[in-house]
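Taken in order, these protein sequences are the chains called P and H. Each residue of the first sequence is one higher than the one before, starting from 265 at the first, in the numbering used here. Each residue of the second sequence is one higher than the one before, starting from -10 at the first, in the numbering used here.
FYI, nobody ran anything at the bench for these hints, they're computed from the structure. By construction, the Cβ of each residue, glycine as well, lies at the ideal position given by its N, Cα and C atoms. Among these hints, one or two may not hold up.
[Unchecked claim] To spell it out: a stretch of chain P is covered by chain H in this simulated footprint if at least three of its residues, at any positions, have a beta carbon under 8 angstroms from a beta carbon of chain H; those stretches are: (1) 347 to 358; (2) 437 to 451; (3) 489 to 499; (4) 813 to 822.
[Said to hold, decoys possible] Stretches of chain H that chain P covers, calculated by requiring three or more beta carbons in the stretch to come under 8 angstroms of a beta carbon on chain P: (5) 362 to 368; (6) 430 to 436.
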Amino acid sequence: MPDIRTLLILIPALPLAASLTTALLGPRLLRTRSHLPAVAAIALSFLASVLLVFQVQRAIDQPAAPAAEHRAGQGRAAQPIGFERVYTLWSWAQVDQAMPWPDQNAADTYQPASWGNFRIDIALRVDPLTAAMLVIVTCISTLVAVYSIGYMHDDPGYWRFFSYISLFVFSMTMLVASSNFVLLYVFWELVGLCSYLLIGFWFEKPAAAAAGKKAFLVNRIGDFGFALGVFLLWTTYGTLDFHDTWIHFHHTWIQTSIGVLGQTRLAHPEMFASGGLATAIALLLMLGACGKSAQFPLHVWLPDAMEGPTPVSALIHAATMVTAGVYMVARCMPLFAASQTALVVVGTLGGITALLGAITAITQTDLKRILAYSTISHLGYMFVGLSVGTLAGVVAGMFHLMTHAFFKSLLFLGAGSVMHAMGGVIDTRQFGGLRRRMPITHWTFLIGCLAMAGVFPFAGFWSKDAILLALHQRASLGGGAAVYQGLYLSVMLGVVLLAVYTFRAFFLTFYGPERIPPEAGHHAHESPITMTGPLMLLACGAFGLGAYFEWTHGFEHFLAATPSLAYLGQRAAEPAGEAGAHWGVAVLSTVMVVIGLAIAAVLYLGSREQARRLARLMNVFGLYSLSYGKFFFDEIYQALIIAPLVGLARLCAWFDQWLIDGLVDAGGALPKWLGGGFRPAQNGLVQFYALAMVLGLLVLMGALVF
Amino acid sequence: MATLLLITLFMPMAGAVLVRGDRRTARWVALGTTLCTLAAAAVLVFSFPGGVAPFAATELPWLGGSGAPVNVCFSVAIDGLGLWLFGLSALLMVVAVLIGWEAIDRQTTLYYRLLLILETGMMGVFVARDIILFYVFFEFTLIPLFFLIGIWGSEQRRYAAIKFFLFTLAGSVLTFLGLISIVLWVFYHPAGASDGRLTFSIPALTEALRWHPMDRTVQMWIFAALFAGFAIKVPLFPLHTWLPLAHVQAPTAGSVILAGVLLKLGGYGFARFSLPMLPDASAALMPVMLWISLAGIVYGALVALAQSDIKRLIAYSSVSHLGFCMLGLFAANRLSTQGGVLQMVNHGLSTGGLFAVVGMLYERYHTRQIADLGGLTRRLPILAFFALVLTLASIGLPGLNGFAGEFLLLLGMFQRAWGEALTRDAWQFRVIAVLSVSGVVLGAWYMLWMYQRVFFGPLREPHHAAAEYAQHHLPARDLSLREILALSPLLVFILWIGLQPSFFLNRMAPTLDQLLPPVTAARLEMAGRHDAGAWAVERGTWTGHASRPTPHAPRPTTHNL
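Please put together the full structure from these sequences, using the hints given.
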């Protein structure tokens, strides 16, 4: 079995190679076979990721390596907790002694030998969190890539699509395997670039081009915060590495830097910044996560991103890229845990987003947009889980990330299958009753819906339950208990909405009288096996994954070996999960789901007259318009931010052209005016010159005399 | 190596003499000359050993013999500060020749002569080690470009050329005054100029002023004089208005050279003269310079957002990007200065490339208006690809060069604002640091908006161009091999710097450490105190300034003394 280093390098390298190959050979040589390198590379990456998990698990089970023990004796670090490995490829930038002197306030804490060197390596780092993310990302990517063979066939940009997708898989795997904040930022932006390219894949559609730009810009606003956070981390900690750095020198290990999330710092929590600084750092990082993971107030780009091809929506805008923010917050959990305020803000933003997305999803008519708003809502749940700040909370958030990746990509691919059959139409008002024509899509979509709504025993039930349980436990402790109680209640309420909009979409698409839009033509049949195959595999995941990990506790134990999370587990004695509370939460949430399901069935399964009446009733208070208009965020931002900025830009341009440049031209014309003033003196009249001479002489003599 | 540097410098000059005959011969000779120059420059640049010793140095008496009271030398050498800009000049000149290949159809001989003379001037500036020689090269770049804009430019070329010329000349005359006063001050200082001759040697002056800094007031006046010329060259807000005009009116090659190299002369001047020779003034004026840079960043970006002409848009983006470079230089710590100098090279690559792409579009459609164009990815996929990479480099996408420079200099700026001990004006630095990052967001906005309108959406080509092509029954052609060859080297370096900036940083770091360390926190505190008395007491000994032992304090070197 290949060692960890080889695997870790292969996982991103294969998709990168595939991307370059497809880009170079695609247009001329590969053409309709352009999917071969991409699918092969991504599938191999998946295989490597699975092997990596086994290797990591084996390393966790084994006692610590001798070298690590040796180091532990030398430095101040206690016995290393958890499992992490760093493999350096090359040095990106190095500025020696960049920090002029160590922070005076930190003089009493431990200082490494050469404090203040700025050094960023291109280095890969693996710990259980990374390994888990790698498997999720490459697994979904493989299935989506296979699906795309059917979905994208005879598209003129076939090779371009697979080149971009491979580039995305490369960037995303590097993002989760990066070992410092600079690399994290680099690949954070690169997945954004892939998203930009893939949203605007059909660039001739003005809506697609505009959506791509919007996504990039809104993400840039988030990245603005992220970058500020990284800069503050540098000025606070004097390093941007996650891990500690040791060098082997004269038979001893010498620690040369204390990583931001390194073992030394984890062992000495007082070395984390506290107070306002900790809050500022955490919230700036959260702003970045808000952009990438489409959280309020930066969620507006995600629904528009549905202009891209559906496999892209499934992979990038549901299962993987948008969860990068969740991953980042989980990765930086010690930084967030250092500030209770930051955790509460994360939870509040997540809670607001969860409800906002759910309420908006209820009235949308575009099937993909319903799913997009539901993604926004589910990402909100994940942040709520993380905001608990305990090991249970983080594991719950990551657990939901995993199950969500499966059921949401299943639903998106199902929607894509419908769209494929309907000739590109995705508006639920134009089709219906497709269950007989598309049986496989129907059944897999149903499994996806059950998983998403959180019906026992589908995957979503377990992960959502874990979040609710973590919240419930947290609410019983002190310190912001009221906030967590509120979050718990709103998530419970959200579960009803979740069931309603999920099954509304399901019933609208597959039940009622069969309606097929004219655009569908002779396409209106079940999709080919390349598309239905991934659907069935994903459906298996959406059905069984949650229960499997819930019963074996495999996921939880694996993640708990991540150093930063192990530290969380050590620090706070977790309140023991009482069986009673567990059952109570599960039963309550199931009741909520049943209520939601019943509402959806009543409103949408038979005649839809009830639904229309309810909509009219709600609109008395403007609620329906509010939801249908997506809370008018686009309009508000247009009016409050974009229009004033564009106005300011025009004003500046005017100011530049007429005022500043006008002054310059005036300065240039000055000699001309001066010359014009003196010109009458040079009039060529001899008498005038004589007169001037005489007058001048008189003045001179007068001056001499007096 | 010393001979090779001389050959590199004067090869273009010789080429200028050799260029003659019809258009065909002229351009091949020009291309051959620039390629040979590039090859020679590449050998020099890549064999630069790093460190602080001058590389490939030549020093010949020039004005004033052995007995004369003045000692002006023809002294050239490569050091870490000029290294990459020197290489960039040689590279961009090849690009410039290739770009004008078809477009220049009148007075071609003169055109290539001017271009080659310009090359000698540009490359000379970055290696000159004598103030007079520096100034000669500095002004030398002005005249060829004046004619290039005035003869081969667009509609308003005369107005643009004269404005460009007068504006920059007015500034550089003051700069010359400032440089001469530095020479005189050192000459009349009791400890300086031991052999009783006026020395114009830049390293000698730097070294002398390091140990015997001028009075603060004198420094301020000289700083102001140098500022006049360098700030106009950069250009810093609000002295930038010649730039959009000159860029829009210049022929493509002129724009590429102007953006790629000539704008760097200002920043180079600040780094070569103002910061090392006038450290107290630099420390005292640091907030002012940072505010001006910030104004340029934000204002340039906002004005770019409102432009409808692609060339004007990129010109204003230059104002914004050079604001970043200046921010890096004047934040004056290791990270920021290295980032700032690297960003100057980056800007030359990406913006030079963008101007080249716009020129290619102009050749095809005879318009620069964004509104006339749309969906060109369908028609010109290769051009769209190059434009995309250059756009992304320009907005600082990680993995490409722009990010490396911007990230380092912003990191340095944040370190200046938070990490380094400061006096009461810390808040200013913090506000500047945070606001400057907004330039990155605005930069993405105007560039991507432009890209979206020109290259995405339904295909839209201007009517007159369509008619012209219809005569030949041909749509606009995608890039020819010549054009691809012109742009590819830029891409190579954009990727290289993006993936491994350490290669470029390590070679310039020692020189920058030696030249630009003096603005330490100690100096800043002194500058904040406005207490001339306390200052005078400490004057005269370097160690008095750096009251705390810091890694920033210069390591005294003796090789120039």
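Hints violated by the structure (numbers, ascending): Violated: hint 4 alone.
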